[in-house]
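Number of protein chains: 2
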Amino acid sequence: MWQQLPRLVQDHIINKNINVYVINAYEVARNAGMGGRINTVMQVCFFALANVLPREEAIAQIKKYIRKTYGKKGEDIVQMNIKAVDAALDHLHQVTIPNAIDENAGDIHNPIPDTAPAFIRDVLGKMMARQGEDIPVSALPCDGTYPSGTAKWEKRNVAQEVPVWDEDVCVQCGKCVLVCPHAVIRSKVYEEAALTNAPASFKSAPAKDLDWKKTNLKFTIQVAAEDCTGCGICVDVCPAKNKSQPKLKAINMAPQLPIREQERENWDYFLSIANPDRNTLKLNKISHQQMQEPLFEFSGACAGCGETPYIKLATQLFGDRMVVANATGCSSIYGGNLPTTPWTHNQEGRGPAWSNSLFEDNAEFGLGFRVSIDKQAEFATELVKSLASDIGETLATGILTAQQKDEADIFEQRERVAILKHRLGELSNSNLDESMQAKVTMLQSVADYLVKKSVWIIGGDGWAYDIGYGGLDHVLASGRNVNILVMDTEVYSNTGGQASKATPRAAVAKFASGGKPSPKKDLGLMAMTYGNVYVASVAMGAKNEHSIKAFLEAEAYEGVSLIIAYSHCIAHGINMTTAMSHQQELVESGRWLLYRYHPDLVGEGKNPLQLDMRSPKLPVERTMYQENRFKMLARSKPDAAKKLLKQAQNDVNTRWQMYQYLAARQLEIGNGNGHSKGNIEKETTVN
Amino acid sequence: MWQQLPRLVQDHIINKNINVYVINAYEVARNAGMGGRINTVMQVCFFALANVLPREEAIAQIKKYIRKTYGKKGEDIVQMNIKAVDAALDHLHQVTIPNAIDENAGDIHNPIPDTAPAFIRDVLGKMMARQGEDIPVSALPCDGTYPSGTAKWEKRNVAQEVPVWDEDVCVQCGKCVLVCPHAVIRSKVYEEAALTNAPASFKSAPAKDLDWKKTNLKFTIQVAAEDCTGCGICVDVCPAKNKSQPKLKAINMAPQLPIREQERENWDYFLSIANPDRNTLKLNKISHQQMQEPLFEFSGACAGCGETPYIKLATQLFGDRMVVANATGCSSIYGGNLPTTPWTHNQEGRGPAWSNSLFEDNAEFGLGFRVSIDKQAEFATELVKSLASDIGETLATGILTAQQKDEADIFEQRERVAILKHRLGELSNSNLDESMQAKVTMLQSVADYLVKKSVWIIGGDGWAYDIGYGGLDHVLASGRNVNILVMDTEVYSNTGGQASKATPRAAVAKFASGGKPSPKKDLGLMAMTYGNVYVASVAMGAKNEHSIKAFLEAEAYEGVSLIIAYSHCIAHGINMTTAMSHQQELVESGRWLLYRYHPDLVGEGKNPLQLDMRSPKLPVERTMYQENRFKMLARSKPDAAKKLLKQAQNDVNTRWQMYQYLAARQLEIGNGNGHSKGNIEKETTVN
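Protein chains in written order, with the numbering used here: chain A, -18 to 668; chain B, -18 to 668.
Calculated directly from the structure, the hints in this document are not laboratory data. Be a bit skeptical, because a hint or two may be false.
Where chains are identical, the list cannot tell them apart; a pair therefore holds if satisfied intra-copy or between any two copies.
[As the list claims (entries may be wrong)] Simulated crosslink set (BS3-like; lysine-lysine; CA at most 25 Å straight-line): (1) 587 / 624; (2) 587 / 627; (3) 623 / 434; (4) 618 / 224; (5) 598 / 266; (6) 623 / 587; (7) 366 / 133; (8) 263 / 612; (9) 356 / 491; (10) 228 / 530; (11) 524 / 133; (12) 133 / 194; (13) -3 / 402.
All figures in this text were calculated on a predicted structure; none of them were measured in a lab.
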């Protein structure tokens, strides 16, 4: 222990006569059946050492308050905590302090390796080492921009156990890659030659997908063990069974420490293998889609977070052209937890441009992105037309008529714009007259807007249903081409679990301590009343492909799109490891609906609303009482809980009936020319 | 003319050598067929006199811009304006200025009569006479409160013509009283004895209603001729025909000047007759209900305003216990156009307490009223319990168990509280111990909260659909007992006619100059998705009794109530005189729906939604093209107008289909104990 401490810390301890104690709190908690929850253990240690109360009295008080705090959650949880209390002191050890500093003790080290870019190492690294006060103002970007892709340099090594891949059992479905909240599980297919210099422990298997099998490609799933939080969701969703060892799957948890070094090497090697060509991937298959590189990696979100898989998915699909307005809330914190950010970029340097705005104006903030991007694109288009003969008519026409309907189109437009920029460089040194030269200069500054951008407005239910709803509604009515992602945890997760309008009836939350008496606000239905908004309600754990389909449709729709994504949360009082499976039961009980409302279908003579699920068959009681937020009310106020439960079941029944009607009704077709987008101002498009 | 001018004005004119011209612009406009629109006439006079352009050129330019400005509205409107231009100069006369001030000329007079209360005469009167700079700060209320009932002292005499009642033709239905936007038409029934000292020209007739006929009561309709704006809506809605003169009804327009003095005397006499007992009125009959005294009179709203009749109605029904939060917009301007306000009080001094708040927080502002009133009522209840033996157990029990379900109940509670306050006065001089004395003092300050208050949150569509919608939605979800009145003019009326989310598809407005391309936001449907909000959509002109019923139900519902009231507006480009009749066609075409959604019906096993109209039978085209906001698009962009018209018809059809489903579906019944109000915090009631 002593040898681990830096020189400066040793010096303080010796000179200030500080007593130092250590405890393996995780071991105590684990043995008591409490998993990684060490708060009770650490509380005992504090009172044992701080002498604010006689030790016996302190322990008695702790036990009393355990009953008070956890009583509603059940006797088993109380007993676990009592057991942890009793075991804690046996594991508390005093460290013997030598008289002098260890001559081998080092300085407090910058946690960023020397291989990192200078700004990350010298500025962000210093902040992490708590030496931020030594950074000169001149080292900081004066325009407020910050580099992305920085969280990956901050190896946190927080997981006691990490998933380990079994290449022989794996069916290569990609589900573990999809659901991983921290983007630490990755898959790749590649030529066998890429294995030539692989480390000895690097695993691979022949690719099973027919597209890849026929060219004898290899397949690997690699875990970033140092970035994993150990939530175990990947193991829960793995559908592959190990026939010889029935308790094991194709991915299994194992202690991190023994394999840390080896997996660091494997991870680096994995990253060095080229990504498959994005344009060849079949995005309707998870195994294919999950080969797309995520541009959101290693966030500081809770282990098992239900929100981050959706953000990661969006960055896989559209990250190289995304512009993101992120409302305050969990996602703004784990998305920008200074000094690092998980938002990152690909090898070409393309990645999401991200900024956080307030709870109360984020939708408007994102709409502003769209308005300014459209205006700059319009200006660039005018300049291309005006300079067409100098640029070359073929190139100009190619740029101006590009549809950019899919990724291959966008790739080609990028190539054209690269040629354009080269040509503009030549023109700026030519003998064009002054007014044309001015146009060349202006076009150089806006040429990038000729390539399609994907505008995303992101936040939680506290933002979307409550504080920012006024602006959200205005954006919904705007008709502009923006994509709104609401990660609905049904509670203010980040500020301590206050009820929001998204909180379901009967759930206990702050400000709803007797169980919320009114039903959950139906944001999707309210958005559908506009008629020209694409609306999808998804739950990744219930139907993986449905989420992907909704994201693709939403982004492609040339109007406002709203995706409401069920996001489980530690605030629900659930087993986070099985949270994705729980989402499935949620849908089967009708508590969460899967649907897509596509306005363009009206123009095709179809009903715009598609219900993407069967009729609910499970009683809501069953799924509700798997969550402590509901269960605790049944213990503390059984009569109220019973009444609310019945109402909650009625809510589900009535709502399902309504949605069935909406999905079945015959609509009249507008004008035969398809559905009007209803944009107040005409969209500017580069075509 | 010269004799009319005050001494100070004559002095300025003479000493500054000012030229003075007069024109009877109303006569010129009327002769040109333009009714009361004098802007063109006055513009001609300005250019004729100001010499900024040669007169001929100025006239030519005016005519050119008349074509440009009004061309879209049709050739007939252009021709009317041209005719007015040509006639204007013939009617412009120069006033001969004498060399000296007329010896009989008076001072600028305070427009408020001496009979008015001192504050109104000396402070508000000075402001009206533009002598506000002479008012000392000490004359103004230091807490910001202002007396109500002040607009009635400001006789504006703006109407060229006013309605005159024909007592022989009248069927005594009360419709003219109901629709009058300025509360200048009143009805009363009374004993014949009350006529003893009536002026010679005071009219009356035997009461026709059976309830009143059997006791030989007399009936009068009286017009406040000096406060009328001359809109003529009363004449349009009058159902009684004069059989001998088919062009006349039971109320007819006639020049105001000849009858001004006589009607002033009649009005004052009318006010001196006692109001009938409120508790004997049958509120489901307009003729009865309109005997209720309005506590909103003589506002500065436009002639024919579609909003004010709703406000007036609310004050008739609940005015003596109303607390009003009024959003910015037309209603905040005509509701508080300093120095006077039309909000007033009855003879007992009871009337609405009113304040204006911002567009962006008015719903929250009103919710705050409810929260604080409930808290004070709760405190008062605790004090009554605690002091019961001193107050007297019978009185205390009476106060604490009062239901206050209707007006008679509330009247009785007021009586009890009056006795309580008297008793508290006695107790404060008794030998109670110090802590009990403190309670007596506290109860004196909150005793009035033991009587039920009616909280109203009022505004237009710019507030409710747009800028204040975030807060409105939060209040809708709160479950608290507040009443929200949205006066929906479908456009930002007060700031110049910008499109709001309430603007219907195809209407031309600022920011929607090509016709609004997206459908009107369905605020009522969005509110109904909560399930526990009372929602009514009304149009007074389409069905008078329906509006009254909705107001009564909304106020009685112990949760959030939302009334969306169609309000015609000069911004629609309609004939304001027939605006109430136009509302009927609006409903018959399905452009506006009449319905009531009553959550309590669920507990009775009924569908909460009732459609209070027949299936739409008129094409929307017919009603739309009676409004210039739609018609002008058909002229300027006929193809776009045609497409939008078709979509607008589809909007109506689809919406009607949806509402029919909602009104017909079978709902499951909650818990057999009636519907949960879904209040986050339990309502405090005094029982």
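To see whether the hints hold, each was checked on the structure:
1. Only between protomers do residue 587 and residue 624 lie at most 25 Å apart by alpha-carbon distance; the minimum there is 20 Å, versus 40 Å within a single protomer.
2. For a Cα distance limit of 25 Å, the shortest separation of residue 587 from residue 627 across copies, 18 Å, qualifies, whereas the shortest one inside one copy, 36 Å, does not.
3. Taking CA atoms no more than 25 Å apart as the test, residue 623 paired with residue 434 passes in neither setting, with 50 Å inside one copy and 34 Å between copies.
4. When the C-alpha separation of residue 618 and residue 224 is checked against a cutoff of 25 Å, the pair qualifies neither within a copy, at 46 Å, nor between copies, at 72 Å.
5. For the identical chains of this complex, residue 598 and residue 266 are neighbours neither inside a copy (27 Å) nor across copies (51 Å), given an alpha-carbon limit of 25 Å.
6. In this homomeric assembly, residue 623 and residue 587 come within 25 Å of each other (Cα to Cα) only across copies, at 23 Å, whereas the closest approach inside a single copy is 41 Å.
7. In this homomeric assembly, residue 366 and residue 133 never come within 25 Å of each other (Cα to Cα): the closest approach is 43 Å inside a single copy and 65 Å across copies.
8. Taking the shortest alpha-carbon separations for residue 263 and residue 612, neither the intra-copy value of 43 Å nor the inter-copy value of 51 Å comes in at or below 25 Å.
9. With identical chains, the CA atoms of residue 356 and residue 491 are at most 25 Å apart between copies only, with a shortest distance of 21 Å across copies and 44 Å within one.
10. For the identical chains of this complex, residue 228 and residue 530 are neighbours neither inside a copy (33 Å) nor across copies (68 Å), given an alpha-carbon limit of 25 Å.
11. In the homo-oligomer, the alpha carbons of residue 524 and residue 133 never lie at most 25 Å apart, since the shortest distance is 30 Å inside one protomer and 67 Å across protomers.
12. Proximity of residue 133 and residue 194 under a CA criterion of 25 Å is satisfied in neither setting, with 32 Å inside one chain copy and 90 Å between copies.
13. Within a single copy, residue -3 and residue 402 get their C-alpha atoms no closer than 64 Å, and across copies no closer than 70 Å, so neither meets the 25 Å cut-off.
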